[in-house]
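Engineer: Single-letter residue listing:
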Amino acid sequence: MQRFISNSLIGFTLLCVTGELTAQESKEPRFRLSGFGTLDVTAAGTKQIGYHNEFSHAPQYGGVSIFSGSVGGLQLDADLLPKLSATIQGVAKERTKHDMFNFLDWAFLRYQVTPNTTIRAGRMGIDLFMLSEYRNVGFAYLWARPVVEFYMPISLSHFDGFDIKYSRRIAPGFFEFKAYGGQTGSDITVSRGDLSLRERPFFGANASLETDHWKFRLTFASAEVHAIRNQPYHQLFNALNNIPAALWPQAAEVAGHISAEGKQSSYYSAGIAYDKNAWVMQSEFAWFDSKWPSVNLTNGYLSIGRRFGPVTWYSIGSYAKSLNSPLNILTDPAAPANIARLQDITETAFNRTLIDQNTFSLGARWDLNHQTALKAQWDHTWIRKNGGGFLITQEPLTQDTSLDTFSVNLNFIFK
Amino acid sequence: MMKYWIAIFVLLLLISTQAQADIVVVVHPSSRLKHLTQQQVIDIYMGRIHSVGDIDPVIPYDQPQDSEIRENFYQFLMGRPIAFINAYWARLLFTGRASPPRQVTDNMSIIDIVEKNPNIIGYIDERNLNDRVSVVFRVVTRAQ
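Listed in order, the protein sequences are those of chains A and G.
For the first sequence, position 257 (counting from the first letter as 1) is numbered 257 according to the working numbering, and the numbering increases by one without interruption.
For the second sequence, position 71 (counting from the first letter as 1) is numbered 71 according to the working numbering, and the numbering increases by one without interruption.
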């Protein structure tokens, strides 16, 4: 992976040099530097419950933080040839792991094959849902942050590979189809510590139709867990796989059930958006179907907003719910204490990955000028027992609870 | 006294009419582009298409970011507020899909740049129209 990034950077530099030479023959600017940022203040979490709105963020245990939603990004676009361009984007924000793999969000070449067809290769944003590709660019969307229930399960922000996009105007509107493939990964924080995930092959497709005021979108993607690095995870699996069958006959079966490696996940989603005069509406629903039971879930949201001059008021209702039931291992009263303890740890480790929560949000976006927007949002979240998989807790939630989150942020772009 | 008020009323009416002049989409007089539909203008200015027929590329130019004509152009062309357009282009720019149309300083700058390149299209206040450019579409800004 590191070699891929290095090669991409070297390739991009060479292409920029080529572009510089070409640029001398033309008065049109060949390079464009642009950027975006969000200065955020969020009050969230409690002393017992750590809140984060992305798995790649460190948790917030109450109080006020400027790191929860603050982001800074720079993008360089280069027109290398009439049909060939290059883009590189770096994003700085709160992360579990700070390294080049995470900082470099994009580095790709784009070639326009025909007026309707474009191919890209390199590192690109994952285009799973409506906001997936620009979730870091607060100015580009209505809310103070992407809907946690819907966007948090997708901790992946980019993939290394290729995509091909076909678009054309058809009778009802503007149609777009995109297919992609490659490999991806993410470094995230879960209740059992930092976790690195690498997935390959990763592939998918989406189709959208945009009319004057409506947008419809369907998505499919699939990924296979190639490698997972998390110390408690490996310790647990080593223990389960080394237990003599006489002491716990189902141990290996349980390990196989909750393990991640080699398991495939498929994502399906449908989205709809409406925007006409004063009213804006957006809704998406998704289904995660995986042989890795921790990932099986369904989620969705409905957002409705109304513009009053430069200010748009909005409300959102959202949910996320794991499709698997809590693990309930039948313990043998005669089992040795250490086996009973391991069964308890296994049960806890699995059950704390389950998700069952709803959020109602109210917020406002105020477009201060053409490149700056101020946003504020309040979320009230209900989390059910054994449904706190989005949170960081010392112990699994043994009863229903609720959380309030309040954010104010200033979003800007420059180009 | 009555004549005085009528004169003011007529004057205000004239000023009002002048302030609501149409916006015209213009190209180089030698361009093979003779007419654009409303949908084509929308698609070009929303970065969806980059060619029309055998004219490739078609390069759109925009008026200044905070100008009234830009706000009116998008509002009357496609019924979208300028805040939507700004956020829309942020999405396209920062997903690497397309760059927003380049912006110039005023109507005369649009005419100057269109005159130099038959692939460029721009839009201007129709009161600035002259024979250095040809009209391919008209955005009616008066109430129907």
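It should be emphasised that the hints constitute simulated quantities derived from the structure, not laboratory data.
One or more of the hints may lead you astray.
[As the list claims (entries may be wrong)] Computed from the model, here is a short list of chain G residues facing chain A with C-beta under 7 Å: (1) P60; (2) P64; (3) N86; (4) R91; (5) F94; (6) T95; (7) D131.
This one's a predicted model, so the numbers in the text were calculated from it and none came from an experiment.
Glycine included, C-beta positions come from ideal geometry on N, C-alpha and C.
Engineer: Work down the list of hints and note, for each, if the structure agrees.
Structural biologist: Okay, the hints, checked on the actual structure:
Restraint check, G:P60 versus chain A: the minimum CB separation of about 14 Å is more than 7 Å; hint violated. Hint on G:P64 is violated. Least Cβ distance to chain A is approximately 10 Å, over the 7 Å limit. The beta carbon of G:N86 comes within 5 Å of a beta carbon in chain A, closer than 7 Å, and the hint placing it at the interface holds. Nearest Cβ of chain A to the Cβ of G:R91: about 4 Å, under the 7 Å cut. The hint holds.
Residue-level restraint check for G:F94 holds (minimum Cβ-Cβ distance to chain A is 5 Å; threshold 7 Å). Because the beta carbon of G:T95 sits about 4 Å from the nearest beta carbon in chain A, less than 7 Å, this interface hint is met. The interface hint given for G:D131 is broken, as the beta carbon of that residue sits about 25 Å from the closest beta carbon of chain A, more than 7 Å.
Violation of the numbered hints given earlier is confined to hints 1, 2, 7; the remaining hints are satisfied by the structure.
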